[in-house]
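J.: Chains as they are written, first to last, in the UniProt record's numbering: chain A, 1 to 295; chain B, 1 to 1096.
It cannot be assumed that every hint is accurate.
Claimed, not checked - Straight-line alpha carbon distances no greater than 20 angstroms define the calculated DMTMM-like cross-link-like pairs of lysine to aspartate or glutamate that follow: (1) K291(B) <-> E110(A); (2) K154(A) <-> E379(B); (3) K140(A) <-> E379(B).
Unchecked claim - To list a few chain B residues with every Cβ distance to chain A over 12 angstroms, as calculated: (4) T4; (5) V21; (6) I142; (7) I249; (8) K253; (9) P287; (10) F308; (11) D385; (12) D389; (13) K398; (14) I404; (15) K432; (16) E611; (17) K705; (18) E809; (19) E863.
Hints in this document: simulated from the structure, not taken from any laboratory. Computed from a prediction, not measured in an experiment: that's the story for all the values here. Note that CB positions come from ideal geometry on N, CA and C, so glycine has one too.
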Amino acid sequence: MELRIDNLSKTYSNGIKALQNISLVIPTGMFGLLGPNGAGKSTLMRTIATLQEADAGSIVLGDIDVLKQKNELRQVLGYLPQQFGLYPKISAEVLLNHFAVLKGITNKNERKELVKTLLYKTNLYDVRQQNLKGFSGGMKQRFGIAQALLNNPKLLIVDEPTAGLDPVERNRFYNVLSELGEHTVVILSTHIVDDVKELCTNMAIINQGQVCLKGQPLQILEGLKDKVYKKTIEKSELNLYKENYQVISERLFLGKPTIHIVSDMNPGDGFSLINAELEDVYFSEIFNTTNLKSN
Amino acid sequence: MWYTIFKFEIQYRIKRPDTYVFFLFLFLFSIIGVDFIFQGSEMGLMKKNSPIVIAKTMGAITGIFMILASMIMGVSVLRDFEYNIESLLFSAPINKKDYLLGRFLGSFAVLLFVFAGILFGMMLSEFMPWHNPEDLLGFNAIVYIKTFLMVTLPTLFFGASLFFVTGALSRNLVVVYTQGIILFVVFMLTKAITNEFWQAILDPFSLTTTTFATKFWSALEKSTQELPFIGALLYNKLFWMSLGILALIYGYKKFNFNVVKEKQSKRKQVEKLVGKSTSVVSGIEIPEATKQYGLLSKWNQLKQFSWFYFISICKQASFWGIVICGMIIILINSVNLGTVYGVDSYPATYFIVEELKETSIYFFIIILVFYSSELVWKERGAKLDLIYDATPISSFIKLIGKYIGLNLVYVVLMLALIGSGILFQTLSGYYKYEFQVYFYGFFLEILPFLALYTCIAFFIQSVVNHKFVGIMLVIIFFIANVALGLFGFDHDLYFFGGSALGTYSDMNGYGHFLKPYLLIKLYWFLFGILLLIIGSLVNVRGTETNLMQRIRVSKNRFSKPLFKVGSMVFLVFILMGSLIFYNTNILNTYWTNTKATEFRVAYEKELKQFEYIPQPKIVDVNLKVELYPSSRDYTAEGYYILKNTNAQPINEIHIQKLIEENITLDAVTFDGGAIENNTYASYDYTIYQLHSPLNPGDSIKMNFKQSFTTNGFEAGNSNANIVENGTFFNNKDFPTLGYNRKYELSDRDERSEYNLSERTNRANRNDVKELVNARSGSDSDGIHFEMVIGTDIDQTALVPGNLLREWTENNRNYFHYKMEIPMIDFYSIVSAKYDIKRGKWISKSNSISKQVDLEIYYHNSHEYNIDRMMMAMKASLDYYSTSFSPYQYEQLRIMEFPRYAQFAQSFPGTVPFSESIGFVLDIDDETDVDMAFYVTAHEIAHQWFAMQVEAANVKGQYFILETLSQYAAMMVLKAHYPKEKVQQFLELQLEKYEEGKLRESGAEPTLALVDNQDYIYYAKGALNMYQFQKVIGEEQVNKALRRFLEDWNTTNGKLKMNTNRYATSQDLLSYFRAVTPDSLQHIILELFESVKPVEL
């Protein structure tokens, strides 16, 4: 089972080209979709999740034509949107039960068992009778994943699930996610590189509606092997370095800017070679596509 | 600083479409505002733009649409919380005062803009083509502006303050919606206040206030005078404005400008929750549950959904607020039920149900409009829509689930109302609960109505991707549909929802109205399901909101099962439609208003030439009538004997069949033969050319057979005379002679539109042609009457006359009646299942002792006032036969008939008496006038004034017939009840007279020349006759009446015979003059021949 996206395009009525000829093949396992805010990740995810129409192209999961056979896809889909709310005045158990009915689990006993297990799994069992009004961000996300798993999905889409979670909650969330992925196509969209690094076997980076890189994280890292150099500089020198080098990232370290550059050979000048991180790949790709556009 | 916020608020609202939608809505509504608010009420002399009319209309529109104010003002602060920017705002360096003031003034300015729509709309309305210039004063913009400032502005200020504060404090959108209802409840509460002054002060929309402020104005003043902005009106406005200010102050004090504090409790809870769930759970196998998508599974989903949404509404405090308000209102309003002549009826269940329906409909509509939008927007409101939309749930199942959920909510409210109804009955000591009547009233009448409109609301909300616009469109649909009905476009096939169910009667239940009603409701319900299917296909699923796009992809969403259901529903819908069409338009003829009007015009234009052609008079009626109540049919077969009372021979006889489709007239034959001339057959008017002319003084026998056949059902209201239990019709349904004035168009404007000359109701007192008629187009000067009548085995059939024989044949009851003395040509035919109360009265006057059989035929369980009626019969016969003349018949019968009509009417020796006016009155001898007694006495008086003496069909006719009956009945009342009761009765009459005067559009006539004004011949007549007897003495008046009756007796009166015409008010007054001393002669002029203010 794999998800195949071919030449998918979408232009919004205000002229924004959200997706431009996106083609991806996503096998079972965790797939990380990385990209900055506004890159088109959510549009892509929503289109796969049958929530949005595409202008052109096709999406196929196994033998399901996603754009046409929406209901067939929905039967095997688990979806956790980027932002969602919960009815404040009902309990986790009641709402999860309601979602189970939505997903066609109409046998009462099976449903009860399933809901119970998922609440255990996501660590919400103790609070199952509390009103959802009191749920924290992390609990909410875990509830979200619980509902997405109700119908034992073949395709699971989680859109920026860790945004706004503290590290502990994020870990907890990873734990839940990591147990899936063996028989399921899991698409995880995020702008946090660590999410992909820790979980995904395959990944793609998209920016400005286009795929700029796809592959396995380890292979991708190969491409930058021995090409990333680092230097800590003064603030005033920043522009100078930007003119002379391909600066892919800059960050503050103890109040001073530390820059990463990509170079085929050792630039000397106080730069030191470092092991490329996924983050460097990400920044360099973003750097490239953005510069291409602006030139 | 507040100014920045004020500006921000305005700028924000300027960009929002709802601001303009609201404005436009009020603007458009106000164009028809006056007509809508005053529809159906007599305006009398008041013009459509009289200041008082403008004030009432503005007050009412403001009141009705207070809900808009609530939407505008309520969301002002709430919005910041909805968008979760409160923490940004409140941490900014603004203070509470500036924030609240800016927001309040900003939204209030927008509110004024929106409600200015009323001002401009009403101004424009004056220039609309449907207004007759005669109904208008000259245009005066100042009146509108002034009224807007005086009436609307203060109300708005109060509403704005209240809504702003509740919105800001509750931070709950539904509370914002429902607070309009609370204000409405307050308005209803004020109606229960008996003190007029306080009622005027406390009415939030100042409707009763304007009435109170102008209470003592003459009709002319009301028409032109500007409203006095002093006294009650001023106090009212000051009162509500200060309440508004109080609300603002309270809100200011209570409003918490500190986000964290409010959320503290929540945070604690969260910490507690988090603390419980730190351990990592892994290695749990998730069991795989069976996923089912078949029909059974859909059914289970539907059940779960309906319940889920139902519970979600039940959890809202605002819903229970509505329920409780509804129950309270009912308990207040039910105090006066079925009030007739100031006396309340027993709290019979159907009265309660009617009252409940009337007052609760507003609540139901609010629930319908707002909760339907709430439900359709529920997932989007909670931002859960994407999760829902990505599941394989069928959009149709989801929509239907919500639909059923909302209908369950109606049921809860209904059960609550029924509960309060039963509570009210119990508290009043009435224990005949009749649950089936409750059930019918709510579940057969209101629920289908709501269910249908809910389909519309769901459809609109599904298609329109804007909540408020959707709400507005639903309301517009409501109004448009009502308007459509008013304009006469009311065929059940295209008038949404079909006609209302006919009146419930204890005697006849819903009778034959029920079946067509249910069929038509089913037809519309199928239509509603189609709408829901379409709605579910195009509703927003996912993030695609563009309507065209949604319509484009809807075909992908049309699943096979849904298609099957849809086609089935469509097919049955078409079948039902055909069935209804077959019944209403093929088995019966459907008349549009225009067609009916044109028919009347043509009738008059073609046939008016025959109005006064010489025709013979009916002198003998002998009929065999077969009534079939269960199938609603009858046949009447027999003959009239017609006598030529004219001076010249008659060659042709003109027969008018009643223009009603169910009726056919066959086998019309004349002795000696006649040729049928069918030139006017389209008007059911046939001219028979006699083979040999009918010479003066000669008679001819006319045989005929008339049949009434019910075929299927008709559109709209069907005939309520021939019913399953309680048939009541009179001989006007049988063939008549010559032209019938009753078919003429009577509306003045319509007549001029069709170039018809002006028409007066009654001819002048010296009109020679009408002086010889006792009724319009009179066919007779008195008849001999005999009838054999058959009816169903369980019913009793009654017509005038002595009952000669009674037998059963073919499992039917037969009765043979014959009137031994001549009687007027006016007889009723009544048949129903009856209980009978019998009595006897023996004449005390005269030498001949005569026995009269007294009978009251009443519906089982309506025995409450039978004794009062029986007493009234005896007392009346005693008084009238001693004071006026002997009673002429050998029996006197009262027969109850269903409440489709609300009157009692006298026929020779028989008085059909409506179910609703006397039989079920709950008369408290302490506080009420015994109206069952009085009405009976009045009707029996007609046995003298109508049966013994008839009056010419000219102005003043009802002075003789009705006013004298009022006088006679009052004298009986006076003889049997204490003075205070008579006084109370007179006060009631004065009230009725004053009310009637307000509705009068022409000049008020004198009693002697009264036309059709019941407030004069009943109310003022009673007052003036009472005054008259007080001045010259009861005995003197009776002496005059005695002489009058003797001279003008229809069959043997000296003057009647000599003059060959009927009596007029002029004749009557001459008898009054004769018994009045010279010194008091002026009083006759004052009381009867001039329009002098009445005093008690």
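J.: All hints, please: hold or fail.
T.: Results of checking the hints against the structure:
1. Among the hinted pairs, K291(B) with E110(A) is consistent with the structure: their alpha-carbon atoms are about 10 angstroms apart, no more than 20 angstroms.
2. With a C-alpha separation of about 25 angstroms, the suggested pairing of K154(A) with E379(B) is violated against the 20 angstroms cut-off.
3. A C-alpha spacing of about 16 angstroms is found between K140(A) and E379(B), which places the hinted pair at or below 20 angstroms, so the restraint holds.
4. Remark: the non-interface label on T4(B) is consistent with the geometry, its nearest Cβ contact in chain A lying 30 angstroms away (cut-off 12 angstroms).
5. Against chain A, the non-interface label of V21(B) holds: every CB pair exceeds 12 angstroms, the least being about 22 angstroms.
6. Residue-level check passed: I142(B) sits 49 angstroms from the nearest beta carbon of chain A, beyond 12 angstroms.
7. With a minimum CB-CB distance of about 31 angstroms to chain A, I249(B) clears the 12 angstroms threshold, and the non-interface call stands.
8. Residue placement check: K253(B) keeps its beta carbon more than 12 angstroms from all beta carbons of chain A (closest about 27 angstroms).
9. The beta carbon of P287(B) sits about 6 angstroms from the closest Cβ of chain A, which is not more than 12 angstroms, so the claim that it is off the interface is violated.
10. Its closest Cβ contact with chain A, about 6 angstroms, brings F308(B) to no more than 12 angstroms, contrary to its assignment away from the interface.
11. D385(B), annotated as away from the interface, has a beta carbon of chain A within 12 angstroms; the closest lies near 8 angstroms.
12. Consistency note on D389(B): stated as away from chain A, yet its beta-carbon is not over 12 angstroms from all of that chain's, at 6 angstroms minimum.
13. Against the 12 angstroms criterion, K398(B) falls within the reach of chain A, whose nearest CB is about 8 angstroms from its own CB.
14. For I404(B), the non-interface assignment is confirmed: its Cβ lies about 15 angstroms from the closest Cβ of chain A, beyond the 12 angstroms cut-off.
15. No Cβ of chain A comes within 12 angstroms of the Cβ of K432(B); the nearest lies about 42 angstroms off, and the non-interface call holds.
16. Annotated as non-interface, E611(B) keeps its C-beta farther than 12 angstroms from every C-beta of chain A; the closest such distance is 72 angstroms.
17. The Cβ of K705(B) lies farther than 12 angstroms from every Cβ of chain A, with a closest approach of about 67 angstroms, so its non-interface assignment holds.
18. The Cβ of E809(B) lies farther than 12 angstroms from every Cβ of chain A, with a closest approach of about 65 angstroms, so its non-interface assignment holds.
19. No Cβ of chain A approaches the Cβ of E863(B) within 12 angstroms, the least distance being about 54 angstroms, so the stated non-interface status holds.
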